[in-house]
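Protein chains: 2
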Amino acid sequence: METVQHMTIFGTGLLGASIALGLRKAGFSHAITGVGRREVTLDAARQLGCFSDLVLQDDAWDRLADCQLVVLATPLRWFEPLLEKLAAHQHEAMVITDVGSTKRKVCEDAQRLLRMPERFVGSHPMAGGEQHGPAHASAELFRHAPCIITRTDASTASAVALTESLWSTLGMRLSQMTPAEHDQRVATISHLPHAVAVLLVELAVREQSLSVASSGFRDTTRIASGDAQVWTDIFMTNREACMEATDALIAELRDFRDRLDRGDEHAVHDLLHRAKSARDHWAHGG
Amino acid sequence: METVQHMTIFGTGLLGASIALGLRKAGFSHAITGVGRREVTLDAARQLGCFSDLVLQDDAWDRLADCQLVVLATPLRWFEPLLEKLAAHQHEAMVITDVGSTKRKVCEDAQRLLRMPERFVGSHPMAGGEQHGPAHASAELFRHAPCIITRTDASTASAVALTESLWSTLGMRLSQMTPAEHDQRVATISHLPHAVAVLLVELAVREQSLSVASSGFRDTTRIASGDAQVWTDIFMTNREACMEATDALIAELRDFRDRLDRGDEHAVHDLLHRAKSARDHWAHGG
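So the sequence lines, in the order shown, correspond to chains A and B.
Read in order, the letters of the first sequence are residues 29 to 314 in this note's numbering.
Read in order, the letters of the second sequence are residues 29 to 314 in this note's numbering.
Derived by calculation from the structure, the hints in this document are not laboratory data.
There could be a bad hint or two in this list.
Some chain A residues judged to face chain B by a derived CB distance under 8 Å, without partners named [as the list claims (entries may be wrong)]: (1) Val-83; (2) Leu-84; (3) Trp-89; (4) Trp-106; (5) Pro-109; (6) Glu-112; (7) Phe-245; (8) Leu-281; (9) Arg-285.
Only pairs whose alpha carbons sit at most 20 Å apart, straight line, appear in this in silico DMTMM-like list of lysine to aspartate or glutamate [what the hints assert, rightly or not]: (10) Lys-53/A x Glu-192/A; (11) Lys-53/A x Glu-136/A; (12) Lys-133/A x Asp-81/B; (13) Lys-133/B x Asp-292/B; (14) Lys-133/B x Glu-120/B; (15) Lys-304/B x Asp-137/A; (16) Lys-113/B x Asp-90/B; (17) Lys-113/B x Asp-87/B; (18) Lys-133/B x Asp-283/B; (19) Lys-133/B x Glu-146/B; (20) Lys-304/B x Asp-247/B; (21) Lys-304/B x Glu-272/B; (22) Lys-133/A x Asp-181/A; (23) Lys-133/B x Glu-192/A; (24) Lys-304/A x Asp-283/A; (25) Lys-304/A x Asp-255/B; (26) Lys-133/A x Asp-289/B; (27) Lys-304/A x Glu-235/B; (28) Lys-113/A x Glu-136/A; (29) Lys-133/A x Glu-112/A; (30) Lys-304/B x Asp-247/A; (31) Lys-304/A x Glu-280/A; (32) Lys-133/B x Glu-108/B; (33) Lys-133/A x Asp-292/B; (34) Lys-304/B x Asp-255/A; (35) Lys-133/B x Asp-292/A; (36) Lys-133/B x Glu-209/B; (37) Lys-304/A x Asp-247/B; (38) Lys-133/B x Asp-289/A.
Computed from a predicted model, the values in this text were never measured in an experiment.
Cβ atoms here follow ideal geometry from the backbone N, Cα and C, with glycine treated the same way.
Use the sequences and the hints to build the structure in full.
Shown next, in the form of structure tokens:
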């Protein structure tokens, strides 16, 4: 982040505001412009005191001339129109990244729409949870959480280095993948679990069994309380990988059902024991 | 609990010890005998100071003559042999209940094995989580949690009343169901979610994606860290309802996959929105 004198964050909600707060806490003292779509969001972000400037989108474009880093932190659905507009204001010294939960679409859009696609690098900082808005923002939101960097074939080394520097400064654990590999992995460990949580709630409601649900159900379905529009965008921009992951889970459920049907106690125990060991190892930082 | 001068708890692990602690905290001052299978477990339970007596199983039977309430709080697999032995020591003044997570099998076993099946009432206090052993026991474990009472066709009103009194004294929220209805409902809100958590871990391990898993995955799969033997017993004693619940989830997953395949954004959003509303309502005590 040493080369950055001015950065611009599109979206001043939970993620955008937490980036600004985290950078201030890490000692970043240069300009951070926050861009919002409504005055009321800008007012809420203003309370945090971490943005040097807060402007509506129409006023943002002319300010990009001296900007070295742009972060797209809006909902996924705005990425494509934003990239379209950013194309006209791109310059060699500006790197663009994003915080989207899916990466193939935004990376393809960047390749297609930007005049200098080599200055775009995808990012997925895996933090946030169910809460939204700058009121929940925190300088610590990203600390110790994983961040996946998805460079495109075009991305230059310097653009990747600056993007990595942003997330490292916020305390994240970095890894690199292709956009396709990212989307497949998060389909398995994030998008499919979300769909399952939603469907378990659906089944429980249909059977009118929520009244006897307890702490286990509460944990398992917590993510089903995530924002419906945010998650619709995620599923719609990662359809293929989510369908594949769904097929894989259906196959596992069939196999589990067969073990029960056969009354095969050992096969059930093996499965439970293996999963418990793997999860315990992972949960304890293994 | 006014009529109880002496109660016996088979099993002095997390649940059995928490019952004794909770009763003491509620002011129950009469005899509580704890029965264990190994001296080391009895020693651990002795530290808690809530049992008036702790004995090995072989020494338990002769002490049942003046006992008005017996609670089976061992792992599920020991219920059948325990009921078989209890039959010889049953008397009119003694009510028997249990803490098992499945109810059809124990209620059928009680009907079949006991000399006085009318003195048996099934219970499922829904508390506990992943931890085991008397060291994790707490007088507050059961407070505000749901407890499902499953009377059999034979159960007398007085036996049901005493069983309800036990769990009410510990602060639980009571409901009554048939054993079959219980097993079907918990298959949906507890056993199926457990199987799904296990299978999601299995898929993540196979894809080597655990390294990028985050807090959502941690919550969704928390129950997969439950004891493998305890959960094997649960699945094996609730096979039919678990197979039905698995089939229902497979049907839901297929429907979800179809929505993605059609690119039907509205249908995906409807599903997510409905589940979020239902879960939020439930989680906030609705």
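Structure-based check of each hint:
1. Val-83: 31 Å, violated
2. Leu-84: This hint is violated: Leu-84/A lies away from chain B, its Cβ roughly 27 Å from the closest one there, beyond 8 Å.
3. Trp-89: Violated, about 29 Å.
4. Trp-106: 15 Å, violated
5. Pro-109: 17 Å, violated
6. Glu-112: With Cβ-Cβ at 20 Å, over 8 Å, it is violated.
7. Phe-245: Constraint on Phe-245/A satisfied, holds at 5 Å.
8. Leu-281: Because about 5 Å separates Leu-281/A from the closest Cβ in chain B, which is inside the 8 Å limit, the hint holds.
9. Arg-285: 5 Å, holds
10. Lys-53/A x Glu-192/A: Holds, at about 18 Å.
11. Lys-53/A x Glu-136/A: This hinted pair is violated, its Cα atoms lying about 34 Å apart.
12. Lys-133/A x Asp-81/B: Outside the cut-off at roughly 67 Å; violated.
13. Lys-133/B x Asp-292/B: Distance ~44 Å between Lys-133/B and Asp-292/B Cα, so the pair is violated.
14. Lys-133/B x Glu-120/B: 23 Å, violated
15. Lys-304/B x Asp-137/A: Between Lys-304/B and Asp-137/A the Cα gap is close to 30 Å, so the pair fails against 20 Å, i.e. violated.
16. Lys-113/B x Asp-90/B: 11 Å, holds
17. Lys-113/B x Asp-87/B: At roughly 12 Å apart (the allowed maximum being 20 Å), Asp-87/B and Lys-113/B satisfy the hint.
18. Lys-133/B x Asp-283/B: 33 Å, violated
19. Lys-133/B x Glu-146/B: Judged against 20 Å, a Cα distance of about 16 Å means the pair holds.
20. Lys-304/B x Asp-247/B: 16 Å, holds
21. Lys-304/B x Glu-272/B: Distance ~24 Å between Lys-304/B and Glu-272/B Cα, so the pair is violated.
22. Lys-133/A x Asp-181/A: Roughly 14 Å separates the two Cα atoms, so the pair holds.
23. Lys-133/B x Glu-192/A: 57 Å, violated
24. Lys-304/A x Asp-283/A: 18 Å, holds
25. Lys-304/A x Asp-255/B: Holds - the C-alpha atoms of Asp-255/B and Lys-304/A are around 8 Å apart, at most 20 Å.
26. Lys-133/A x Asp-289/B: OK: Lys-133/A and Asp-289/B at ~17 Å, within 20 Å.
27. Lys-304/A x Glu-235/B: 17 Å, holds
28. Lys-113/A x Glu-136/A: Status holds; Cα separation ~16 Å.
29. Lys-133/A x Glu-112/A: OK: Lys-133/A and Glu-112/A at ~14 Å, within 20 Å.
30. Lys-304/B x Asp-247/A: Given pair Lys-304/B, Asp-247/A holds - Cα atoms ~14 Å apart, limit 20 Å.
31. Lys-304/A x Glu-280/A: Cα-Cα ~16 Å, so holds.
32. Lys-133/B x Glu-108/B: Status holds; Cα separation ~9 Å.
33. Lys-133/A x Asp-292/B: Holds, because 17 Å separates the two Cα atoms, which is no more than 20 Å.
34. Lys-304/B x Asp-255/A: 8 Å, holds
35. Lys-133/B x Asp-292/A: The given pair, whose Cα atoms are some 17 Å apart, holds under the 20 Å limit.
36. Lys-133/B x Glu-209/B: Within the cut-off at roughly 13 Å; holds.
37. Lys-304/A x Asp-247/B: Satisfied, since the Cα-Cα distance of roughly 14 Å is no more than 20 Å.
38. Lys-133/B x Asp-289/A: The hint holds at about 17 Å.
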